[in-house]
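K.L.:
Sequence:
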Amino acid sequence: MRSARLVQVGAKDLSPLRFDLGNRTESQIPGVLASQGPSFLLFCHNTPMTTADALVDWFEGHARSLPWRTEPRDAYRTLVSEIMLQQTQVDRVAPRFVEFVRRWPDLKALAAASEDDVLAIWSGLGYYRRARLLHRLAREVVGSGRNQLPEDIEALRTLPGIGDYTAAAVGSLAFGLEAPVLDGNVQRVVARVTASDGDPRASGGQTRMKAWVRKLFPGHHPGVVNEALMELGATVCTPSRPRCDSCPLLRCCKGYQAGCPEEYPPPRKVRATEHLRWVAVCFVGSDGRWLLRRVQEGPILRGLWLPPLADLEAEADPVSVAMGLVPEGLMVETGTMFGAVRHHITHRRIEVIPVLVPTLDADLPAAVWQWSRPGEVLGGTSSLFEKLHKVIRNNEKDS
DNA sequence: GACCCGTGGGA
DNA sequence: TTCCCAAGGGT
2 MRSARLVQVG AKDLSPLRFD LGNRTESQIP GVLASQGPSF LLFCHNTPMT
52 TADALVDWFE GHARSLPWRT EPRDAYRTLV SEIMLQQTQV DRVAPRFVEF
102 VRRWPDLKAL AAASEDDVLA IWSGLGYYRR ARLLHRLARE VVGSGRNQLP
152 EDIEALRTLP GIGDYTAAAV GSLAFGLEAP VLDGNVQRVV ARVTASDGDP
202 RASGGQTRMK AWVRKLFPGH HPGVVNEALM ELGATVCTPS RPRCDSCPLL
252 RCCKGYQAGC PEEYPPPRKV RATEHLRWVA VCFVGSDGRW LLRRVQEGPI
302 LRGLWLPPLA DLEAEADPVS VAMGLVPEGL MVETGTMFGA VRHHITHRRI
352 EVIPVLVPTL DADLPAAVWQ WSRPGEVLGG TSSLFEKLHK VIRNNEKDS
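Residue 2 is where the first sequence starts when you use the working numbering, and the numbers rise one by one after that.
I should point out that these hints are in silico values taken from the structure, not numbers from a laboratory.
Beta carbons: idealized from backbone N, C-alpha and C, even for Gly.
There may be inaccurate statements among the hints.
Claimed, not checked - Straight-line alpha carbon distances no greater than 27 Å define the calculated DSS-like cross-link-like pairs of lysine-lysine that follow:
hint, residue 1, residue 2
1, 255, 216
2, 255, 211
3, 255, 270
4, 270, 216
Stated by the list, open to error - Per label pair, the in silico range of CB-to-CB distance:
hint, residue 1, residue 2, range
5, 340, 146, 27 to 37 Å
6, 99, 332, 35 to 45 Å
7, 271, 297, 37 to 47 Å
8, 198, 93, 28 to 38 Å
9, 148, 318, 55 to 65 Å
10, 239, 348, 15 to 25 Å
11, 314, 264, 29 to 39 Å
12, 89, 156, 21 to 31 Å
Assemble the whole structure, with the sequences as input and the hints as a guide.
P.N.:
This is the structure:
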């Protein structure tokens with residue numbers, strides 16, 4: 002097997018288009034040359050195209066255009082994107098990322114921000130601890146007299162919110178360090194290519210997979226190899242119905258050869274879902290603003306601003322429960338129940354019953370209460386606020 | 001290692 | 001509808 006490189010004459014950045022010649026000679030691919038014009042030269046190699054070559058070539062031709070994929074790669078922007086992308090899909094992250102780095106373009110600016118402002122931008126993204134830890138990281142780095150991230154995997158790893166994955170991602174993508182990343186995508190790709198039956202999440206599996214990724218580094222930028230594996234997992238080697246016919250690793254994929262790539266990796270254990278019912282008391286003032294309370298206790302949504310919430314027993318009357326939550330000093334009319342809103346928080350499945358309670362404006366302690374509407378909250382809020390707001394607004398329109 | 005955290009989209 | 005899961009980290 003031989004490979005070829007197509008290089009533009011005089012091009013400053015030699016990022017050659019590589020492709021596999023297979024059993025053909027260069028004279029048998031005139032179409033490629035013709036389409037590229039006379040300013041290209043073809044170099045043929047008698048060395049086989051490696052798995053890494055195929056992967057990197059595929060990535061260079063198929064990488065999605067994403068706001069954090071700038072050249073040169075900025076370490077701060079890489080960090081912000083990686084934190085946002087933890088357990089969160091690209092399409093949801095992209096607009097938030099743009100907003101975030103426009104407002105806080107570097108670590109110093111982020112360190113100077115208030116946590117409430119950071120949470121406000123983060124609202125709706127979920128896993129709010131990520132935002133708090135990122136903010137803490139910025140203050141730690143800037144407070145220690147530096148304004149830049151350390152160019153060292155171990156040093157990165159000690160910063161708040163940075164674990165094995167994020168340290169390797171920032172180190173390799175931004176600094177070119179040879180650290181293999183193992184996210185869910187890469188674990189799936191490697192499990193399929195190697196037809197590995199073991200649990201990729203167990204420590205033994207992690208060590209083996211990292212070694213497999215490391216073998217792809219020689220001759221390539223480690224960040225490009227890492228990102229290519231993740232991109233492949235996200236767009237081709239998908240959990241269900243992988244598009245194997247478009248995969249650059251097809252010929253070396255043991256899972257494909259076995260005819261069952263989807264069976265790798267083995268499924269994770271499922272956690273039982275817990276069903277909850279809440280009532281949400283929607284105090285709405287004459288100007289349309291809602292009364293929000295900072296969530297004080299409990300494991301969920303702590304510190305965020307939401308309409309007052311309370312557990313709802315099976316036989317309880319939502320309106321009665323809601324009226325019991327009227328804060329002192331607030332003049333209200335009677336409450337009206339609306340159709341339930343569904344909200345999922347990790348393994349919990351929550352049915353939230355909105356009760357609209359029109360109210361006269363009143364001043365309440367600002368540490369715990371604020372009047373606001375979606376998009377204007379001073380501090381963090383959950384997408385649940387928007388869901389409740391939408392239900393009540395739509396129903397009011399009907400009547 | 002087990003369990004915790006948000007959210008929305010696709011199958 | 002229900003289930004799975006997505007560029008994980010902290011405890």
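K.L.:
Hints first: check each against the structure and report whether it holds.
P.N.:
Against the structure, the hints come out as follows:
1. 255 with 216: Holds, at about 17 Å.
2. 255 with 211: 18 Å, holds
3. 255 with 270: Holds, at about 24 Å.
4. 270 with 216: With a Cα-Cα distance of about 30 Å, the restraint between residue 270 and residue 216 is violated, given a limit of 27 Å.
5. 340 with 146: 27 to 37 Å: Between residue 340 and residue 146, where Cβ atoms are some 55 Å apart, the hint is violated.
6. 99 with 332: 35 to 45 Å: With a Cβ separation near 43 Å, residue 99 and residue 332 satisfy 35 to 45 Å, so the hint holds.
7. 271 with 297: 37 to 47 Å: 31 Å, violated
8. 198 with 93: 28 to 38 Å: Hint holds: Cβ distance 33 Å, inside 28 to 38 Å.
9. 148 with 318: 55 to 65 Å: 57 Å, holds
10. 239 with 348: 15 to 25 Å: With Cβ atoms ~23 Å apart, the hint holds.
11. 314 with 264: 29 to 39 Å: 44 Å, violated
12. 89 with 156: 21 to 31 Å: 25 Å, holds
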